[in-house]
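Peer 1: Here's the letter readout for the chains.
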Amino acid sequence: MRLNGKAAIVTGGGSGIGRATAVRFAEEGAKVAVSDIDEAGGEETVRRIREKGGEAIFVKADVSDSGQVKQLVQTAVEAFGGLHILFNNAGIGHSEVRSTDLSEEEWDRVIDVNLKGVFLGIKYAVPALKESGGGAIVNTSSLLGIKGKKYESAYNASKAGVILLTKNAALEYGKFNIRVNAIAPGVIDTNIITPWKQDARKWPIISKANALGRIGTPEEVANAVLFLASDEASFITGATLSVDGGGLTF
Amino acid sequence: MRFSNAVAVVTGGDSGIGRATAIRLAQEGATVILVGRTAAKLETTAQTIERMEGAGKAEVFVADVTNREQVKGLADYVRRQHGDLHVLVNNAGISTHTKWLELTEQEWDDVQQVNMKSVFLVSQTLAPLMIEGAKRERANRAVVNVASLSGYQAGAHIPHYSAAKAGVISLTKSLALELAPYGIRVNSVSPGFVETPLTERGLQNERFVKAVERNTALRRVGAPEEIANVIAFLASAEASYMTGSDVLVDGGWLIT
Numbered sequence: 001m002r003l004n005g006k007a008a009i010v011t012g013g014g015s016g017i018g019r020a021t022a023v024r025f026a027e028e029g030a031k032v033a034v035s036d037i038d039e040a041g042g043e044e045t046v047r048r049i050r051e052k053g054g055e056a057i058f059v060k061a062d063v064s065d066s067g068q069v070k071q072l073v074q075t076a077v078e079a080f081g082g083l084h085i086l087f088n089n090a091g092i093g094h095s096e097v098r099s100t101d102l103s104e105e106e107w108d109r110v111i112d113v114n115l116k117g118v119f120l121g122i123k124y125a126v127p128a129l130k131e132s133g134g135g136a137i138v139n140t141s142s143l144l145g146i147k148g149k150k151y152e153s154a155y156n157a158s159k160a161g162v163i164l165l166t167k168n169a170a171l172e173y174g175k176f177n178i179r180v181n182a183i184a185p186g187v188i189d190t191n192i193i194t195p196w197k198q199d200a201r202k203w204p205i206i207s208k209a210n211a212l213g214r215i216g217t218p219e220e221v222a223n224a225v226l227f228l229a230s231d232e233a234s235f236i237t238g239a240t241l242s243v244d245g246g247g248l249t250f
Numbered sequence: 001m002r003f004s005n006a007v008a009v010v011t012g013g014d015s016g017i018g019r020a021t022a023i024r025l026a027q028e029g030a031t032v033i034l035v036g037r038t039a040a041k042l043e044t045t046a047q048t049i050e051r052m053e054g055a056g057k058a059e060v061f062v063a064d065v066t067n068r069e070q071v072k073g074l075a076d077y078v079r080r081q082h083g084d085l086h087v088l089v090n091n092a093g094i095s096t097h098t099k100w101l102e103l104t105e106q107e108w109d110d111v112q113q114v115n116m117k118s119v120f121l122v123s124q125t126l127a128p129l130m131i132e133g134a135k136r137e138r139a140n141r142a143v144v145n146v147a148s149l150s151g152y153q154a155g156a157h158i159p160h161y162s163a164a165k166a167g168v169i170s171l172t173k174s175l176a177l178e179l180a181p182y183g184i185r186v187n188s189v190s191p192g193f194v195e196t197p198l199t200e201r202g203l204q205n206e207r208f209v210k211a212v213e214r215n216t217a218l219r220r221v222g223a224p225e226e227i228a229n230v231i232a233f234l235a236s237a238e239a240s241y242m243t244g245s246d247v248l249v250d251g252g253w254l255i256t
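Protein chains in written order, with our numbering: chain B, 1 to 250; chain S, 1 to 256.
With the rest of the complex left out, here is chain B (with noise of 0.2 Å):
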């Protein structure tokens, strides 16, 4: 049980990655504060967490809007008497156009969620941290945040945002003991690929284009985030892990 008596938060935690860290840390002994605007698929995280006999609570929260993540970070804080980690996961896609026809509605959308959530968890998150005597903070940026790919205009400088908001809050937040890293995901089997998995043409080198030639799964990325979330990881900070089967080697 490598993350017994800690409290975590999850953001994006009703699907993909953010559900299937939220059920990891659960099972390492953490309760879970599982964030998300889906209602539904929130819920359903907390009840498969209950099932396994762990201990999580829903809460509903924008990661763009201040208001909503001061309180999330409250709610936690209230519900299990301090907070150990947050995981900075909520995130989106967009259009797959070029940035010429990008809308700036559609813009501003995926840098508020993708950077301005990460900023907005870190800033509501430390002083609760600090309180907590330090803590580890994981923010999910993507192998698209260190390689360009077209279409992914607003996306790519999202998630290169988030690597360098990490090692900004890494190098803040040190000497309070609390650890800032980051993961970049390859191509991993959820929700935000749909689109691609759609196009019959391109697909099948998407989906093999890294050293191991197959997307990964949410638990699989699950792992790493616990990994950097726990102790294991006491001298690891502002580093950003890549999880992606190989995507960056060629």
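By construction, these hints were calculated from the structure, which means they are not laboratory data. All C-beta atoms, glycine included, are put in the ideal place defined by N, C-alpha and C. Incorrect hints may appear among the rest.
The calculated label-pair distances, taken between Cβ atoms and stated as ranges, are [unchecked claim]: (1) B:74 - S:97: 50 to 60 Å; (2) B:67 - S:206: 44 to 54 Å; (3) S:99 - B:79: 57 to 67 Å; (4) B:198 - S:97: 55 to 65 Å; (5) S:223 - B:176: 15 to 25 Å; (6) S:131 - B:74: 52 to 62 Å; (7) S:51 - B:194: 49 to 59 Å.
Given the coordinates of chain B, work out where chain S should sit on it, guided by the hints.
Peer 2: Relative to the frame of chain B, chain S by itself:
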């Protein structure tokens, strides 16, 4: 117990990160073959493992990892004794502190040999054993190379070491590509300032330690066990979707 029934080879298993890694893998059930040049030092690690309750086993194999014949001897030994190999940790490393204009060709060659050529020799010679195993049974198999923060950043008077470690990071990616078809993952770790025999002299200098602490986000140097934990993670099935990655374990030194 992530390494029950696993056979692991750790080079440079006599001290520092290698020793801590061997202990960590054995704690989780692995049979560890400690490889190094000095039998006595390897024996000390082996005895520590043997004394641990519920741990795996430890064996000692004396070999110079820069010598093809001796590495071949290691492969023959592992094949004969265990018939399989699941985890390979290429950890052996050395360095000297010498200014560029004073660096001798011999020093350059020695450092390239132990830090980089050993990865080539040991991985190439032991990989067939892992591949044969992979053809027999589906199991977690992984290589972890110990690179360094110095592979990213120039340090004080270690140009030969920095170049070799940058080579290890790159070689890791190539190996990841070549061994992926056999289900063998290859990753590296890049430790920052960690208390080991290699850094002992530098870390006796109080001013140097203060400077490291001041420039590290976590305000301290690391312990070998903190690197061993990362190597164990990368070697385990928990890292099943990781290959070709380098994990920086430097307490946040490289950020600035």
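Peer 1: For the range 55 to 65 Å, tell me whether the beta carbons of residue 198 of chain B and residue 97 of chain S fit it or not.
Peer 2: 58 Å, holds
Peer 1: Would you say the C-beta atoms of residue 74 of chain B and residue 97 of chain S sit inside 50 to 60 Å of each other?
Peer 2: 52 Å, holds
Peer 1: Just to be sure I understand the hint, the distance between the Cβ atoms of residue 223 of chain S and residue 176 of chain B should be within 15 to 25 Å; is that true here?
Peer 2: 20 Å, holds
Peer 1: Given the range 44 to 54 Å, decide if the beta-carbon distance of residue 67 of chain B to residue 206 of chain S lies inside it.
Peer 2: 49 Å, holds
Peer 1: Quick one: are residue 51 of chain S and residue 194 of chain B within 49 to 59 Å, going by C-beta?
Peer 2: Once the Cβ atoms are compared, 54 Å apart, the range 49 to 59 Å for residue 194 of chain B and residue 51 of chain S holds.
Peer 1: Holds or violated: 57 to 67 Å for the Cβ distance of residue 99 of chain S and residue 79 of chain B?
Peer 2: Roughly 59 Å apart at Cβ, these two residues keep to the hinted range, so it holds.
Peer 1: Okay, residue 131 of chain S versus residue 74 of chain B on CB: inside 52 to 62 Å?
Peer 2: 54 Å, holds
Checked against the numbered hints above, the structure breaks none of them.
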